[in-house]
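Asker: Protein chains in written order, with numbering that gives the first Met the number 0: chain S, 0 to 258; chain R, 0 to 300; chain D, 0 to 259.
Simulated from the structure, these hints should not be mistaken for laboratory data. Among the clues, some could well be false.
Capping the alpha-carbon separation at 30 Å, the derived lysine-lysine pairs in DSS-like fashion look like this [said to hold, decoys possible]:
#1 71/D with 293/R
#2 257/D with 202/R
#3 37/S with 229/S
#4 190/R with 293/R
#5 147/S with 46/D
#6 232/R with 214/D
#7 71/D with 224/S
#8 222/D with 82/S
#9 202/R with 255/D
#10 121/D with 91/R
#11 71/D with 256/S
#12 257/D with 42/S
#13 257/D with 190/R
#14 71/D with 82/S
These numbers were taken from a predicted model, which means no experiment stands behind them.
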Amino acid sequence: MAGATIWKGYIHFGDTDVPVKLHSAVREERIQFHLLHKRDQVKLRQQMICAYEKQPVPAEEQTKGFEVEEGKYIIIDPEELEKTVPEGNRMIEVHEFVKAAQIDPIFVDRVYYLEPDIANIQGKGYDAFVKALKEMDVAGICTWTMRKRSYFGALQASGKVLRLNTLRYADEVVPAASLGLQGVPLSEKELMIGSELIDKLTAPFEPRKFENEHQKKLQDMIEKKARGEKIAVLAPRRLQPTESDQLLEVLEASLKKAA
Amino acid sequence: MSRTFVDMARGRLPLSNLEKDLYPSYGFTKANILEYYRGIAPFILPHLKDRALTLKRYPEGVEQDFFFEKRCPMHRPAWVKTAEVPQDDGDKIRFCLVNDLETLIWVENLASLELHVPLARAGSPWTPDSMVFDLDPGDPANILDCARVALILRDLLSRMGLASYIKTSGQKGLHVFVPLNRKDTTFEDTKTFSKAVAGIMQKHYPALVTAKMAKQERIGKVFINWSQNDASKTMICVYSLRAREKPFVSFPVEWKELEDLAGLGDPERLQVVHSEAVRRAEEKGDLFREVLVKEQKLPHL
Amino acid sequence: MAVQGIWSGTISFSLVAIPVRLVKAIEPRGVSFHLLHSKDYSRLSRKMFCPEENTMVPPDEIVRGYEILPDKYILMTDEELESVSPERSRTIEIVEFIDTKDVDPIYYDHPYYLVPSKGGEKAYQLLVEVMRRTNKAGLAKFVMAEREYLVAVFSRDGALALTTLHYSDEILPDEDMSPKKGKIGAEEESRMKKSIEQMIEDFNPGKYADERRKKLVDLLATKAKEKALVEAPAVEEEEGEGPADLVAALEESMRKVKAR
Numbered sequence: 000m001a002g003a004t005i006w007k008g009y010i011h012f013g014d015t016d017v018p019v020k021l022h023s024a025v026r027e028e029r030i031q032f033h034l035l036h037k038r039d040q041v042k043l044r045q046q047m048i049c050a051y052e053k054q055p056v057p058a059e060e061q062t063k064g065f066e067v068e069e070g071k072y073i074i075i076d077p078e079e080l081e082k083t084v085p086e087g088n089r090m091i092e093v094h095e096f097v098k099a100a101q102i103d104p105i106f107v108d109r110v111y112y113l114e115p116d117i118a119n120i121q122g123k124g125y126d127a128f129v130k131a132l133k134e135m136d137v138a139g140i141c142t143w144t145m146r147k148r149s150y151f152g153a154l155q156a157s158g159k160v161l162r163l164n165t166l167r168y169a170d171e172v173v174p175a176a177s178l179g180l181q182g183v184p185l186s187e188k189e190l191m192i193g194s195e196l197i198d199k200l201t202a203p204f205e206p207r208k209f210e211n212e213h214q215k216k217l218q219d220m221i222e223k224k225a226r227g228e229k230i231a232v233l234a235p236r237r238l239q240p241t242e243s244d245q246l247l248e249v250l251e252a253s254l255k256k257a258a
Numbered sequence: 000m001s002r003t004f005v006d007m008a009r010g011r012l013p014l015s016n017l018e019k020d021l022y023p024s025y026g027f028t029k030a031n032i033l034e035y036y037r038g039i040a041p042f043i044l045p046h047l048k049d050r051a052l053t054l055k056r057y058p059e060g061v062e063q064d065f066f067f068e069k070r071c072p073m074h075r076p077a078w079v080k081t082a083e084v085p086q087d088d089g090d091k092i093r094f095c096l097v098n099d100l101e102t103l104i105w106v107e108n109l110a111s112l113e114l115h116v117p118l119a120r121a122g123s124p125w126t127p128d129s130m131v132f133d134l135d136p137g138d139p140a141n142i143l144d145c146a147r148v149a150l151i152l153r154d155l156l157s158r159m160g161l162a163s164y165i166k167t168s169g170q171k172g173l174h175v176f177v178p179l180n181r182k183d184t185t186f187e188d189t190k191t192f193s194k195a196v197a198g199i200m201q202k203h204y205p206a207l208v209t210a211k212m213a214k215q216e217r218i219g220k221v222f223i224n225w226s227q228n229d230a231s232k233t234m235i236c237v238y239s240l241r242a243r244e245k246p247f248v249s250f251p252v253e254w255k256e257l258e259d260l261a262g263l264g265d266p267e268r269l270q271v272v273h274s275e276a277v278r279r280a281e282e283k284g285d286l287f288r289e290v291l292v293k294e295q296k297l298p299h300l
Numbered sequence: 000m001a002v003q004g005i006w007s008g009t010i011s012f013s014l015v016a017i018p019v020r021l022v023k024a025i026e027p028r029g030v031s032f033h034l035l036h037s038k039d040y041s042r043l044s045r046k047m048f049c050p051e052e053n054t055m056v057p058p059d060e061i062v063r064g065y066e067i068l069p070d071k072y073i074l075m076t077d078e079e080l081e082s083v084s085p086e087r088s089r090t091i092e093i094v095e096f097i098d099t100k101d102v103d104p105i106y107y108d109h110p111y112y113l114v115p116s117k118g119g120e121k122a123y124q125l126l127v128e129v130m131r132r133t134n135k136a137g138l139a140k141f142v143m144a145e146r147e148y149l150v151a152v153f154s155r156d157g158a159l160a161l162t163t164l165h166y167s168d169e170i171l172p173d174e175d176m177s178p179k180k181g182k183i184g185a186e187e188e189s190r191m192k193k194s195i196e197q198m199i200e201d202f203n204p205g206k207y208a209d210e211r212r213k214k215l216v217d218l219l220a221t222k223a224k225e226k227a228l229v230e231a232p233a234v235e236e237e238e239g240e241g242p243a244d245l246v247a248a249l250e251e252s253m254r255k256v257k258a259r
């Protein structure tokens, strides 16, 4: 079963309105650690400490400030902050449709499932919308406001289900060009063997093959310690980097191995 | 100007002003200087090899002006090896490489009494071969205080799994070297590590050690100059002469010897003069050899 | 190239090993505020506090524990945590390649870039280029900060981009999302498609800006003109100690040195 309804809204473009309910699509599970005081194993708490007085400060004495220069701030009071919250309407406004393949995966942030809100009497159009998106292979680019924040995203079909993928804003994605990578000449032979090797190592995407083994091993280690058993501390494995002048050789050996 | 010639493997090398006294209060001529460097050559050459040399020239002797020379002099013999090394501002400078006895003699003929080299080799200027802790005493602290700090530092480094080697600077302080000799070490690594170590030392021995460069912080304390771990910085090469009243040498000290001397209370006992340097090197070999060959990796970075 | 590193190690496929560093691919641009003390406007920072001893606790006195029973913990050291999957904490081993178009975006979690460390530039470039030519992505597992991630490595604009993926058992099922009714009218279908067709454009994310962020920035600009800024009292500059792991290890070693 998918998660509980997070939010309700309606998709709008042209004459079309499709009321929907938002659900989480992902639930992360992990072993939680607490931070403890070494001396007495007491669970630590987070406190906001004043840099000047070096003492904890209660919530009533805390104010938000925006740093303009080193040590100089503009104070914002809560009412002013409220005014900047965009209008809380329930509309998921679609501005355009684009070919689904044009959306670079690096832009995708969170994914939500959309369920038709049939309690709303205008609850039709969901099926037709999903089918159209699927058959035309397009995504609907939209904006909406949820919990005081502005979002931008893509509506996409996945089988018979409609998904809402939130996207990152363009100015938040670091361009590859800013990494300062230098071009390195590669021989056609190296590229050919490399491509061949990759093809040999290609498999269909089957994510169910992969389990979080680390979690299991961590759980085992914790249980061992709880029983008072000694655990072996192993050093991390480090690989020897491949030298540039040996690249072709190593690629050929890899290809032989993969065959 | 008097001129003599010396026969070397490559032929004759012109030398000048051999009788000029460059250490007037002690009495040490250029000829003496050349004699020193010829004697110490087997020990100093491996430490100079492939390192961009900065010459510190005292043409009129230690009591007169000196000048640093990075660019290898244009009038060099054809066989002097050089290397182009990019600088911080993007420019490239051609440095001399003292890779053989002839070049060493030629450089000394130019009265480059002190030989300063970077922590990285010219072919890989951003890969330090070692990490250094430059211990500099602030008056009235002296070399014995440096010795005390060095012994604690050695212990601390050893518990971090790192072997270290120490030499006198030939002036007031001591240099602790941690050999690394790995291709993947960067100056950022050594700077981060040494800064953290200096911080810990200052934290636990605040009356004895400071990690801060400001003059007022260093009075009576030993300053651990971690910022020397930089591609643009140079250190006095081990076995090099120093331009002081006496021709003292930057000389390696065994840790055991340092322990003994630190307890005796006589700072002068730690200084090694030219003749003693050659004698001790011939007797015990290059005590700094491990700095060139030992491979170690900085942990926890 | 001054790029901040999060993790460094090696990425490998078959026998080829490339030394790399992981760096950010996303720079959040939201307006961020600092919390200040209303009294004197000095900056507040988050510190760990022991409620029993009523004091702030420095990093070297903090340990991680897993709660097995109420208030009963099993302590884990960093070494032990790193040794859980020792073969994976410094290596990203690509075990297979997949067609990029086969990856369902629901699996994507967080993106990063990989940059080559010294000596790895050529092998790095090769991987970038061959993945681009073949339109493939690499699948691997690796451990960072005591979590194991399933990741996909892509070729993007001449660089290697790495995205952490969710495990398939973390993806919730969607069977109960689609409506129970079956039939869609042919007319309804064609009307829908026509509406969509009229609105087809090329994808240009730059067109969309964060509205809330804009409003905040405007508000700040207005306020900056109106009033004088408040100033925090001068605080002694505390020099950064260094990476937490290193400082902790040094403290531990120093403790032993002094105990001798």
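Asker: Among all the numbered hints in the text so far, which are the ones the structure does not match?
Answerer: Violated: hints 1, 6, 11, 14.
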